[in-house]
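Asks: Those protein sequence lines, which keep their order, are chains A and B. Reading the first sequence from the start, the letters are residues 1 to 106 in my numbering. Reading the second sequence from the start, the letters are residues 1 to 383 in my numbering.
Hints are supplied without guarantee of correctness; some may be wrong.
Claimed, not checked - Pairs of lysine-lysine, BS3-like flavour, derived with a Cα cap of 30 Å: (1) B/317 <-> B/114; (2) B/133 <-> B/114; (3) B/133 <-> B/254; (4) B/64 <-> B/262; (5) B/114 <-> B/64; (6) B/345 <-> B/114; (7) A/24 <-> A/105; (8) A/105 <-> A/87; (9) B/317 <-> A/7; (10) B/317 <-> B/262; (11) A/24 <-> B/133; (12) B/254 <-> B/114; (13) B/262 <-> B/185; (14) B/254 <-> A/105; (15) B/241 <-> B/254; (16) B/114 <-> A/87; (17) B/185 <-> A/24; (18) B/254 <-> A/7; (19) B/72 <-> B/133; (20) B/114 <-> B/262; (21) A/87 <-> B/133; (22) A/105 <-> B/317; (23) B/241 <-> B/133; (24) B/133 <-> B/213.
Stated by the list, open to error - Label-pair distances were calculated between CB atoms; the ranges are: (25) A/76 <-> B/63: 46 to 54 Å; (26) B/336 <-> A/104: 49 to 57 Å; (27) B/74 <-> A/35: 56 to 64 Å; (28) A/72 <-> B/73: 33 to 41 Å; (29) A/34 <-> B/268: 18 to 26 Å; (30) B/254 <-> A/22: 16 to 24 Å; (31) B/73 <-> A/22: 36 to 44 Å; (32) B/268 <-> A/69: 15 to 23 Å; (33) A/74 <-> B/248: 32 to 40 Å; (34) B/218 <-> A/69: 47 to 55 Å; (35) A/33 <-> B/262: 44 to 52 Å; (36) A/4 <-> B/251: 24 to 32 Å; (37) B/86 <-> A/22: 46 to 54 Å; (38) B/88 <-> A/101: 39 to 47 Å.
Derived by calculation from the structure, the hints in this document are not laboratory data. Because the structure is a prediction, the values reported are computed rather than measured. Glycine is no exception: its CB is placed at the ideal position from the N, C-alpha and C atoms.
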Amino acid sequence: MEVERIKFERTGGIAGMRFAADFKPEDLPDEQARTLTDLLDDLDFDELPEQMTNEPSASDQFTYTITVETKKGEHTVVMGDASADEKMQSLFDLLTQIARRQMRKS
Amino acid sequence: MHNRLPINCIIPPHMSKNIATKGTEAQKVRAINTLKTSEQMRGQRQALAEFSAAAFRVAAVGGKERVVYDAKNGSNLPGTIVRREGEPPSADVTVNEAFDGSGTTYDLFNDVYKRNSIDGNGMRLDSTVHYKKGYDNAFWDGEQMVYGDGDEDLPASERLFNRFTIAIDIMGHELTHGVTQFEAKLTYSQQPGALNESMSDVFGSLVKQYQLKQTATEADWIIGQGLFTANVNGVGIRSMKAPGTAYDDPVLGKDPQPGHMKDYVTTISDNGGVHINSGIPNRAFYITAVELGGYAWEKAGQIWYVALNDKLEANSKFQDCANLTYRAAGELFGAGSIEQQAVQKGWTEVGLPADGGGGTTPPPDGGGCLQALLRFLGAAPAK
Numbered sequence: 001m002e003v004e005r006i007k008f009e010r011t012g013g014i015a016g017m018r019f020a021a022d023f024k025p026e027d028l029p030d031e032q033a034r035t036l037t038d039l040l041d042d043l044d045f046d047e048l049p050e051q052m053t054n055e056p057s058a059s060d061q062f063t064y065t066i067t068v069e070t071k072k073g074e075h076t077v078v079m080g081d082a083s084a085d086e087k088m089q090s091l092f093d094l095l096t097q098i099a100r101r102q103m104r105k106s
Numbered sequence: 001m002h003n004r005l006p007i008n009c010i011i012p013p014h015m016s017k018n019i020a021t022k023g024t025e026a027q028k029v030r031a032i033n034t035l036k037t038s039e040q041m042r043g044q045r046q047a048l049a050e051f052s053a054a055a056f057r058v059a060a061v062g063g064k065e066r067v068v069y070d071a072k073n074g075s076n077l078p079g080t081i082v083r084r085e086g087e088p089p090s091a092d093v094t095v096n097e098a099f100d101g102s103g104t105t106y107d108l109f110n111d112v113y114k115r116n117s118i119d120g121n122g123m124r125l126d127s128t129v130h131y132k133k134g135y136d137n138a139f140w141d142g143e144q145m146v147y148g149d150g151d152e153d154l155p156a157s158e159r160l161f162n163r164f165t166i167a168i169d170i171m172g173h174e175l176t177h178g179v180t181q182f183e184a185k186l187t188y189s190q191q192p193g194a195l196n197e198s199m200s201d202v203f204g205s206l207v208k209q210y211q212l213k214q215t216a217t218e219a220d221w222i223i224g225q226g227l228f229t230a231n232v233n234g235v236g237i238r239s240m241k242a243p244g245t246a247y248d249d250p251v252l253g254k255d256p257q258p259g260h261m262k263d264y265v266t267t268i269s270d271n272g273g274v275h276i277n278s279g280i281p282n283r284a285f286y287i288t289a290v291e292l293g294g295y296a297w298e299k300a301g302q303i304w305y306v307a308l309n310d311k312l313e314a315n316s317k318f319q320d321c322a323n324l325t326y327r328a329a330g331e332l333f334g335a336g337s338i339e340q341q342a343v344q345k346g347w348t349e350v351g352l353p354a355d356g357g358g359g360t361t362p363p364p365d366g367g368g369c370l371q372a373l374l375r376f377l378g379a380a381p382a383k
């Protein structure tokens with residue numbers, strides 16, 4: 001999967017704060033970019049359903065919106081904490097880290 | 001008996017079912033295998049849960065029953081038991097905070113509103129601490145409270161959040177989600193979702209005030225005081241007194257909460273702004289409580305509790321809440337009473353004057369079952 005751009009947003013949580021990032025993998029350190037691409041490949045990200053939201057009773061959980069842009073087009077997945085397996089959790093963690101850094105710099 | 005959602009440790013059934021029907025061929029095969037494994041694991045876990053629950057139930061009859069688990073920075077819930085009811089404090093402050101916070105929440109609901117735990121029937125209060133690494137959140141998963149340690153994975157100079165058990169109102173907030181789940185069942189989206197959030201802030205704040213024995217004017221009405229590190233320009237995550245003023249920070253941005261209907265935020269994020277627009281009913285409660293004076297859990301809290309317990313429904317909106325709390329105040333304290341006037345003032349000041357049709361005429365002797373009960377609880381004046 002040749003990723004050109006990623007847009008990430010985390011909303012909700014008890015604090016109700018928005019964390020977001022918009023970046024090109026080429027702007028990341030090499031190792032981080034590789035980890036990110038590997039995770040997206042392992043997850044077959046471009047084949048995932050667009051909506052995998054929280055359980056109805058999952059109060060205060062985070063909702064993640066991830067858009068991955070490739071040469072073929074873009075694919076967006078909306079997902080909650082409760083809907084995520086360990087690999088997806090790793091992707092959330094990595095993208096949240098990148099968002100924190102980006103928000104701090106801006 | 002618990003039927004715990006298998007979140008995080010394996011793909012949950014609803015997601016696997018999604019993939020099994022909508023995914024690629026390879027994903028479908030993997031999802032079906034996951035569903036099979038999940039069913040097997042759930043069987044084992046169910047057996048363990050039944051065994052543990054039976055063991056606990058013996059000691060849990062009639063009283064408050066708390067259990068704190070440690071996820072050890074993983075995502076498997078509930079984790080390892082680290083403190084049970086009757087056991088001495090742990091060496092881990094986070095464990096003790098979760099234990100004590102759920103205890104004070106139980107006490108408020110039990111002592112003041114005569115509610116025996118979250119479900120009204122003595123449900124054990126389970127909390128998991130040290131959930132994941134760098135998890136800056138706390139949530140109610142439908143069966144238990146879960147607390148992260150903040151962003152402890154970052155260097156001290158970059159940290160924004162402390163551990164989420166640091167603020168007792170956060171714990172009261174999460175447990176109140178449980179009460180709402182059993183009572184009004186407010187849908188977690190748009191206005192009903194914002195009411196769900198507001199109820200959790202209201203009773204979360206009351207838990208803190210009850211612990212500190214603060215009157216409405218003494219209370220800070222801040223949600224999550226102590227949650228931010230010194231790196232953040234803010235006093236907490238929300239202000240019930242002045243929504244929109246809790247923080248204004250270069251990294252986190254500005255508190256987006258409105259305190260009046262004219263500023264209602266229409267958004268698809270955050271389940272339709274459930275943590276944003278909750279500022280409006282939050283402020284209505286604050287104004288009502290300050291107008292009445294004294295301890296907010298007594299009169300204002302009682303009115304809101306009756307609305308949550310008996311009147312609100314899954315799709316109730318802000319105007320419904322205004323009308324129903326107004327009606328509850330009329331039933332509890334009498335039509336035209338200062339309590340009902342205070343409720344009207346609270347909602348009017350946020351742009352939602354209550355429908356005057358609610359309430360009942362007080363009996364000539366100022367009596368009635370609810371009045372008698374309130375006098376017994378000390379929340380209504382003596383005859």
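Asks: Does each hint fit the structure? Answer for all of them.
Replies: Outcome of the hint check:
no., hint, in the structure
1, B/317 <-> B/114, "holds, 27 Å"
2, B/133 <-> B/114, "violated, 38 Å"
3, B/133 <-> B/254, "holds, 26 Å"
4, B/64 <-> B/262, "violated, 43 Å"
5, B/114 <-> B/64, "holds, 13 Å"
6, B/345 <-> B/114, "holds, 28 Å"
7, A/24 <-> A/105, "holds, 16 Å"
8, A/105 <-> A/87, "holds, 28 Å"
9, B/317 <-> A/7, "violated, 33 Å"
10, B/317 <-> B/262, "holds, 15 Å"
11, A/24 <-> B/133, "holds, 26 Å"
12, B/254 <-> B/114, "violated, 39 Å"
13, B/262 <-> B/185, "holds, 27 Å"
14, B/254 <-> A/105, "holds, 17 Å"
15, B/241 <-> B/254, "holds, 16 Å"
16, B/114 <-> A/87, "violated, 45 Å"
17, B/185 <-> A/24, "violated, 42 Å"
18, B/254 <-> A/7, "holds, 22 Å"
19, B/72 <-> B/133, "holds, 9 Å"
20, B/114 <-> B/262, "violated, 37 Å"
21, A/87 <-> B/133, "holds, 15 Å"
22, A/105 <-> B/317, "violated, 40 Å"
23, B/241 <-> B/133, "violated, 33 Å"
24, B/133 <-> B/213, "violated, 35 Å"
25, A/76 <-> B/63: 46 to 54 Å, "holds, 49 Å"
26, B/336 <-> A/104: 49 to 57 Å, "holds, 55 Å"
27, B/74 <-> A/35: 56 to 64 Å, "violated, 20 Å"
28, A/72 <-> B/73: 33 to 41 Å, "holds, 38 Å"
29, A/34 <-> B/268: 18 to 26 Å, "violated, 33 Å"
30, B/254 <-> A/22: 16 to 24 Å, "holds, 20 Å"
31, B/73 <-> A/22: 36 to 44 Å, "violated, 29 Å"
32, B/268 <-> A/69: 15 to 23 Å, "holds, 21 Å"
33, A/74 <-> B/248: 32 to 40 Å, "holds, 33 Å"
34, B/218 <-> A/69: 47 to 55 Å, "holds, 53 Å"
35, A/33 <-> B/262: 44 to 52 Å, "holds, 46 Å"
36, A/4 <-> B/251: 24 to 32 Å, "holds, 27 Å"
37, B/86 <-> A/22: 46 to 54 Å, "holds, 52 Å"
38, B/88 <-> A/101: 39 to 47 Å, "holds, 42 Å"
Comparing the model with each numbered hint stated earlier shows that hints 2, 4, 9, 12, 16, 17, 20, 22, 23, 24, 27, 29 and 31 do not hold.
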